[in-house]
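Student: Heads up: the sequence lines are chains A and B, in that order.
Here the first sequence is numbered in my numbering, starting from 1225 and rising by one per residue.
Here the second sequence is numbered in my numbering, starting from 13 and rising by one per residue.
A few of these clues could be false.
Claimed, not checked - Residues from chain A shown here face chain B by an in silico Cβ test under 10 Å; the list is partial:
1. M1225
2. I1230
3. N1305
4. C1334
5. D1350
6. S1401
7. I1415
8. V1423
It should be emphasised that the hints constitute simulated quantities derived from the structure, not laboratory data.
In this text, a Cβ means the ideal position worked out from N, Cα and C, and glycines have one as well.
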Amino acid sequence: MSRDAILNRVRTALGRAAGAATPEAPPVRIRIPETIADARIASLLTRVEALAGEAVRVDTPAAARAWVAAAIEGKQAVASNAPFLAECGIPELAGVRCGLTVESELRGLCAVAGVGITSADYALADTGTLVMLSSPREARLISLLPPAHIAVVPSGRILSGLDELFATIPLPAGETSSMVLITGPSRTADIEQILVRGVHGPGKLAVVVVG
Amino acid sequence: MTSEMHRHIHETLGDARLQEAVYTATGRLKESRIAAVAPDVLPDYQELRTQAHALKKHAIENLDAYLDEFERNLEAHGGKAVYCQDAAEVADFILGLARERGARLIVKSKSMLTEEIDLNERLEKHGLESVETDLGEYILQLAHERPYHLVAPALHKTRYDVAEIFSARLGVPHEVVIEKQTATARAVLREKFLAADIGISGANFLVADSGAVVLVENEGNARLTTSAPRIHIAIAGIEKIIPRAQDLATFLKLLARSATGQWLSVYTSFLSGPRRAGEIDGPEEFYVVLVDNGRTRLLEDPDKRQSLYCIRCGACLNACPVYRKIGGYSFPWVYSGPIGSILTPQFMGPSHAPGLPFASSLCGACAEVCPVKIDLPKALLELRSEVKIADRREGRGRWEKLGFRLFAWLMRHPRLYEMAGRMASLFAPPARGGWIRSVPGLMNFPPLKAWIDERDLPPPPPRSFREMWRRR
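Using the sequences plus the hints, can you model the full thing?
Tutor: This is the structure:
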């Protein structure tokens, strides 16, 4: 069997016996800077804007709802089942479909919707990144198929960066089958190095920080 | 150097548009990288490189144990590991699975390993449609060409080339506006994503403690490839293993910065198995194909192992003065640039392209930018020595050897050396455009001719350093 053949070749090449003890790996390198919440929020907004995304901070869930309502006016939108979106009252907005549990329906709607609305499990301040853990509450396609993506994120979920993310969830596989980090709108520079946004994923990204 | 390689080099050097395209594109990537690792934006850059090197070294030296751990964790989350020794085994596995599931259409995201094994051709021969979805790779698939650069595969194509390719192959109107070309690709490929039965991706990292595949990209095509079809197959070289998810805090900070100068790529996917209970979307089946295809041969030599640390960022290509002149297609295999010069002879055997390790000035720019600190110049020197040892065994290179003996003898006799220098300037062939490019009839015998064919020499100065020194 190829498995054994390959593993045997690996062991022979390395001079290791089957089941030989593995020396300790180099210690994990995690460095979390001391930051205050306001600085993290400011950094997140600045970075998202630097990536040509839209970024806004609002005080209350009601204000988030109003912002989203204005942004999707006249468009069809699909919202995820994230409890925080419900808390903001976004599923009740005109033009928003929510509460989907059937894949074919989700696909069909995402393929035609103008906007996908999600929350995010975390956001990373230093790179302007959204961290999405897929689950029954957050489907993958909502932040992927529509040409625009709006993420509504409570300010308490903003971490300083990658190091804090992996300190918070050292084993993402224990929580989800898919963790996706989104840093700016979809882009390509494959033709003549000219930057074009929205090649396969959303070309427009908006992050609404609440609180 | 093979005549094929020679021909590509001369073609590239003679093509002013291509020279400009390669030089500007690599220059831009190079500048972006420098800005993204500058001390004020990434103060611990050097420490991160040291850590990345240590992690890769450790993972490769204990590869069997980490593969085992990866497999256990992958299967605990419902995924399946499939080991394949070579191209044929990979194709057989995919063909078999496609037959069982009645699959016909495959969407693919970028993977160098699948280029290595010509996967698309193998699948298409058996009636499967396999579509590349990265914009650059899609253009090349339509044009039947291989990637020109590790991270910018269609670097050599202009918008006019793309207009030709799209109108010829897709039957769309001739269109030279890049935004509109991109929109065309989006529309055509969107249909494919939604109709595909299988998504095939590569893997930037395999995470042992999670059984996870990590994919890094900007377009969203890898996300679609791994989210929309019912089956996801990730194809990865066995050397992609890293020990822990937490090590990504090191690698992710280096990869995008070294590749394009982005702090993070737009999308980083950490995928561990098929969709779980209650999830609305995501693949129902998840396979990770672990491929050897020559990698275990590289493991045997403790020095050569280093080339398995490569994370395919392409920084060495952009930094290399040779790549920036001769371009990607002058390299004989899918991997080009400095990393290609050390991977190709090791994978294909030193006789496949014996000139390759010599196509370098050994300036060290590649080693300086490598995020995992591979000692590329040292590897090139070792490969050169292998080629020469093989030459000697087969009785080749006698003239060259004699030449170098003569040179060594001259170097040990200062007076004679000086005289030889004077003779050389007396008999030097005439320079054209400031360089000596060929030797005249009398001296045009094989060793000298072969030597000058691949080199331009500056004409000897009117006065040697020694003379100037005496007259100072």
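Student: Does each hint hold? Answer for all of them.
Tutor: A quick look at each hint next to the structure:
no. : hint  : verdict
1   : M1225 : holds (8 Å)
2   : I1230 : holds (5 Å)
3   : N1305 : holds (8 Å)
4   : C1334 : holds (9 Å)
5   : D1350 : holds (8 Å)
6   : S1401 : holds (5 Å)
7   : I1415 : holds (5 Å)
8   : V1423 : holds (4 Å)
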